[in-house]
Amino acid sequence: MSVTLVVPGPLRDLTGGRRTIGLDVAEGTVGEAFDVLRGEIPALYDRIFTEQRELRPHVNVFVGTADIRWSGGLDTPLAGAREVVILPSVSGG
Amino acid sequence: MPQNPSGSYARPGDVVLMVGTLKGAFLFTSDASRKSWTMDGPHFPGEEVYALACDQRGASPTLWAAPGSAFWGVTLRRSDDLGASWSSKEERSVKFPEESGLSLTRIWQIRPGPADEPETMWLGVEPTCLFRSDDGGDSWAPVEGFLHHEHREFWTPGGGGLCLHTIVPHASDRKRMLVAFSTGGVYKTRDNGLTWAPSNVGVRAEFLPDKHPEFGQCVHKVVGHPDKPDRLFLQNHWGLYRSDDWAESWQDIANGVPSDFGFAMAMHPKNPDTVYIVPLESDQFRCVPEAKMRVYRTRDGGASWEPLSKGLPQEGAYETVLRDALDTDSADPAGVYFGTRSGKLYASADEGDRWSLVHEGLPPIVCVKSAVLA
Numbered sequence: 001m002s003v004t005l006v007v008p009g010p011l012r013d014l015t016g017g018r019r020t021i022g023l024d025v026a027e028g029t030v031g032e033a034f035d036v037l038r039g040e041i042p043a044l045y046d047r048i049f050t051e052q053r054e055l056r057p058h059v060n061v062f063v064g065t066a067d068i069r070w071s072g073g074l075d076t077p078l079a080g081a082r083e084v085v086i087l088p089s090v091s092g093g
Numbered sequence: 001m002p003q004n005p006s007g008s009y010a011r012p013g014d015v016v017l018m019v020g021t022l023k024g025a026f027l028f029t030s031d032a033s034r035k036s037w038t039m040d041g042p043h044f045p046g047e048e049v050y051a052l053a054c055d056q057r058g059a060s061p062t063l064w065a066a067p068g069s070a071f072w073g074v075t076l077r078r079s080d081d082l083g084a085s086w087s088s089k090e091e092r093s094v095k096f097p098e099e100s101g102l103s104l105t106r107i108w109q110i111r112p113g114p115a116d117e118p119e120t121m122w123l124g125v126e127p128t129c130l131f132r133s134d135d136g137g138d139s140w141a142p143v144e145g146f147l148h149h150e151h152r153e154f155w156t157p158g159g160g161g162l163c164l165h166t167i168v169p170h171a172s173d174r175k176r177m178l179v180a181f182s183t184g185g186v187y188k189t190r191d192n193g194l195t196w197a198p199s200n201v202g203v204r205a206e207f208l209p210d211k212h213p214e215f216g217q218c219v220h221k222v223v224g225h226p227d228k229p230d231r232l233f234l235q236n237h238w239g240l241y242r243s244d245d246w247a248e249s250w251q252d253i254a255n256g257v258p259s260d261f262g263f264a265m266a267m268h269p270k271n272p273d274t275v276y277i278v279p280l281e282s283d284q285f286r287c288v289p290e291a292k293m294r295v296y297r298t299r300d301g302g303a304s305w306e307p308l309s310k311g312l313p314q315e316g317a318y319e320t321v322l323r324d325a326l327d328t329d330s331a332d333p334a335g336v337y338f339g340t341r342s343g344k345l346y347a348s349a350d351e352g353d354r355w356s357l358v359h360e361g362l363p364p365i366v367c368v369k370s371a372v373l374a
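Protein sequences appear in the order of chains A and B.
Quick note on numbering: the first sequence equals residues 1 to 93 in this note's numbering.
Quick note on numbering: the second sequence equals residues 1 to 374 in this note's numbering.
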């Protein structure tokens, strides 16, 4: 299946300006989708995850409309979802 | 010849002042008189910049910056045109190995290597570690002997995090280097980084039941001068020290300062007996004593200290100067610069005798580095 990864503006210098990236993944989990991303654009992966494969604290990832922090983390099933959205959280000062 | 940030061509003798803040970096440039400054920035707006450096070992100056985004993490960036453009995020990746169990939080120090080793560079990072590059900063790896140090599990973060903020290579022995971090204290190697030993004899840890442990001190900054390579000065979390034996032992030199607490310390570029500090009141308050903005200078290796206040506010100045926010330049007479948490940047073009406000209203300043262009 193909999943569309929606990339926020501050990271689009790592995608050649593209807002979305298509990832060819087997039906599985969001973690498997990010494994594909890591192989294709490692620098983008590194901005989303730490060296320990932890989602950076102020980054949110949604499968469809579900925040993966509350739906199983990287084990969240894609379950036919067509879009994975990366968004910076509401934080700062 | 590179352009300076104001668009004119930088000339030898011009001074570049690199200022890191919690919301980006700013570059100030001046001619050799250092009387007026042109500001450019913010570079990396919205990102904290704790580490900056100007490397002049090549044919033209290279600026280095380590912006950190609260969202997207830390990157290491390079400019070969004095900040007109910066390298992209995906270059020069600085990462811990997955098997280390560590993740990079912040880069605290960028240290170019010796003049005759133009490809050597070091980084001090949080969580505490030393990284080395042997290809001019293109690729980086942690120094294994430090990464796997047996004390690592006992090192604990201070208020600024578990940060390696000081890197002092020995001026005449390439195999020796000293680093300092909070908390942990001073460690040094004599075998090019293979092994590291704590070197805190005489440095007190006021915040521990044992005031003189082997390690665990909260050292804030260490400086040295190449003309006296075995002499070092240390600003501690309570304590001001000098060592004359390359950190084998430390002697108290808090002679006449209003407080021996402080963060910042800077070496005079030519005189190995002259050092600058900014004492802060107590541990909890951490503002300049009596709300008077004063830099202190010793010209006799710490035997005595004199306040430098001409041109600085002497009432109502609730200011804090952090560990990398004080620097000197290599001009003659030497320039001295510092930035405050309240976003004020001060400069002296006469070794600290007289000061002027370069700019106010900057975001909180965490790093000030100066360079006289060669």
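Hints in this document: simulated from the structure, not taken from any laboratory.
Hints are supplied without guarantee of correctness; some may be wrong.
Some residues of chain A that are not near chain B, with every Cβ distance over 12 Å (derived) [unchecked claim]:
| id | residue |
| --- | --- |
| 1 | 4 |
| 2 | 41 |
| 3 | 50 |
| 4 | 51 |
| 5 | 52 |
| 6 | 57 |
Chain A is faced by these chain B residues, among others (derived, beta-carbon under 8 Å) [what the hints assert, rightly or not]:
| id | residue |
| --- | --- |
| 7 | 73 |
| 8 | 84 |
| 9 | 85 |
| 10 | 86 |
| 11 | 90 |
| 12 | 94 |
| 13 | 106 |
| 14 | 309 |
All C-beta atoms, glycine included, are put in the ideal place defined by N, C-alpha and C.
These are the hints, each one checked on the structure:
1. 4: For residue 4 of chain A, whose nearest Cβ neighbour in chain B is about 21 Å away, the distance exceeds 12 Å, so it holds.
2. 41: violated, 8 Å
3. 50: violated, 4 Å
4. 51: Answer for residue 51 of chain A: violated, closest chain B Cβ roughly 5 Å.
5. 52: violated, 5 Å
6. 57: With a cut-off of 12 Å, residue 57 of chain A comes too close to chain B, as the shortest Cβ separation is near 8 Å.
7. 73: holds, 6 Å
8. 84: violated, 17 Å
9. 85: violated, 13 Å
10. 86: violated, 11 Å
11. 90: holds, 3 Å
12. 94: This interface hint is violated because 10 Å lies over the 8 Å limit.
13. 106: The hint is violated - residue 106 of chain B has no Cβ within 8 Å of chain A, the shortest such distance being about 13 Å.
14. 309: Status violated, d = 33 Å.
Consistency with the previously given hints fails for numbers 2, 3, 4, 5, 6, 8, 9, 10, 12, 13, 14, ordered from lowest to highest.
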